[in-house]
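Visitor: Using the sequences and the hints given, assemble the complete structure.
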Amino acid sequence: MNFPLPDLNPVMPEILMTAFALIVLLLDLLIKKKEAVAVISIAGTAIISLSLLKTTGSTFGGMYIADGYSTFFKIIFFINVILTILISIKYIAVERVNYGEYYSLILFSTIGMMIMASASDLITLYLGLELMALSTYVLAGFIRHNLKSTESALKYFLLGAFSSGFLLYGISIVYGLTGTTDLRLIATFITERGLSGNLSLLLAIGMLTVAFGFKIAAAPFHMWAPDVYEGAPTSITAFMSVGPKAAGFAVIGRVFMIAFAAVKADWATILIPISILTMAVGNIVALSQTNIKRMLAYSSIAHAGYALLGIITANSEGISSMMNYLFIYAFMNIGAFAVIIMLRSEGIKGEDLSDYEGLSKTHPLAAALMLIFMFSLTGIPPTAGFIGKLYVFMAAINAGYTWLVIVAVIFSAISAYFYLRVVMYMYMRDPKTELPLTTSFTNGLALAVTTAAVLIIGVFPTMLVEFARAALKGF
Amino acid sequence: MPGTYLPTEYLPVLIFILVAEAFGFGALLIGVVFRPKKPYPEKLMPYESGINPKGEPRTRFAIRFYIIAMLFVVFDVEAIFIYPWAIVFDKIGIFAFIEMVIFILILLIGYIYAWKKEAFVWD
Amino acid sequence: MVSIGFFIYFAFAIVVLSLLVVTRKNPVHSVLWMLLLFFHIAGLYLFLNAEFMAAIQVIVYAGGILVLFLFVVLLMNLREELSIGKYTTFGPTGFTFALGLFVAVSMSLSSFIAAPPGKYSIDLIKQETHIKALGKLLYTEFIYPFEVASLILLVAMIGAIVLAKRRLKS
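Residue numbers (the numbering used here), protein chains in the order written: chain P, 486 to 960; chain L, 2 to 124; chain V, 2 to 171.
Among the hints, erroneous ones may be present.
Claimed, not checked - Using 30 Å as the maximum straight-line C-alpha spacing, the simulated DSSO-like pairs for lysine-lysine come out as follows:
id : chain 1 : residue 1 : chain 2 : residue 2
1  : P       : K917      : P       : K846
2  : P       : K518      : L       : K117
3  : P       : K640      : L       : K118
4  : V       : K166      : P       : K518
5  : V       : K166      : P       : K640
6  : L       : K39       : V       : K26
7  : V       : K166      : P       : K517
8  : P       : K633      : P       : K518
Simulated from the structure, these hints should not be mistaken for lab results.
Keep in mind that this is a model prediction, so the values were computed, not measured.
Guide: See below:
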């Protein structure tokens, strides 16, 4: 019995990335200077990203699909990897965990995210999620001698494993109802057999919402995020706040829009209270935080709430606005964390809000960059954050959820307090001591790229918006 | 649906399990029933060759046992994946052979990594 | 008829054993009840004519993963006498959540309609043994999940060494 060889062309990015991650793992054993391993990782990732351009199609019997949607998300993941490695090189030396496995684990996590974005089958979705999650658990606990880092890895792992249990329960109920795990076949089965009102299907959707909600840190499944973001190494916090979140949204978009297309009313109704609760929790609890990493964790929770508005609209305009939002969010979040990394030096943690007092007088450039990122996170024009929120809110209004947009705008206004509080500390207070900044060429490069992206997209948004719309053709 | 299949070939296994349990439980049960029950504190203390036990019975556990167990599980699962392949590999074509080589290669790279990181050194 | 009886026994035993696993004060007792639980699950697989799955369940779960659990229990030096009431008792919150989930699941599952059976019926698998049927599918149709699984195993290995090795060679 000779099975036909599956078409390997669409899956080329993952294959190249896997081979490259294995090579980086072996190179770590041979090369003493870990900075060289980092530079090789960046170069390799950049070269592999070029292979994304020509590969589309469905392969492996419908389990893998490479279309515009997955390509857009893979671009976000590649940007995430390159920026994270750039900001990590000096940082992990300061934290005294300069091991080469760091880079190969980041690459494996990205492979997991790519598998998730291209998953057209529930089994491959689960495997991609586990690959990404397992690598991120290890990375969160990478500072082995620090108690907070180990605690964050433990909390992330326990809650992540629990949510994977919910995911598998939901997948098993869907499989029992439909006899297949392929997303498109599930959709045809639901419409053919008229399973739209079935309570078990609703239970399965609920379970999947719990699992995906955990991954994107949506309330009430957000409890892990502040502790994990605070304890993990700051470069990994930057990585975690963008990568798994974007991958979670990619998966939500695909599963809910393709597999459960017939029951849109049901899952949109489930997601609306979750979105409101997420925005509420994220914005209100952030008001009282004094640790800037925890504050950014709650802000990250709130941003997930805004992006969920795009999914609730359940049409292609909403999904493209969500993709837009995540692309912009990647740049501004990593930029903010890059500035936080600069304040961490030998013996000084630099995570407290009081460390930012008077930063404009001691290090004016760093303060100015932080100002740009805080403005962007709040959503003030002409930064990119404003563009992201604008398109999501427009899509929600066009779909008839005006009241939801009003709620979102109110919460967005509340968020201005804690973002601009940082700006106020930097510019209107006097510095207590002069904190030394840990600057490095690569961190500076990352800051330059993120600032440029935030400002350029804020002023010329059409290119990105059109790209997101075009990516959804044939979705 | 449950209730339509009976694995009759495994009946000897069931009888084996039942007899083994009967032996174990029987031995303990007969002991419990027939032995005299007169405990006093000195009899209930843990036995340490006649000396009074001092301190906690548990020492600080070495983590190297955990690493060994973890590596065992990973390579055990790899072996489990190889079993069905070994039975059908002459029937599924050359491509399946190459896939299995890739699978083993990925785990071989992991093995080289573990070797070089001195995970197998008992220190 | 007999197989329904066996199924009822297995189902009942699995529920009771899992309750026992989560309620024991001594963690080693907990793990040992889990061992018995794994054997019952293997029995369930046996009654679905999945004998290879039953064997894997015993070899991997009972033989590998349970050992890992025991090592962690021994590593953390958990003692039976030491129990902080807030963290080790059931508490009304946990119980209410579990009960609520149970009610929700049982209400929803009452309207469960099973999909029509696929092409791998029990008779077809009895003809060519289960392990051959599994092998024929796993390495041809399901090659993609299979290779991703190898990556997950690799990351698990790296993770164990990076996090647990006392002196990590740079």
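Visitor: Just pull the numbers of the violated hints for me, sorted ascending.
Guide: none
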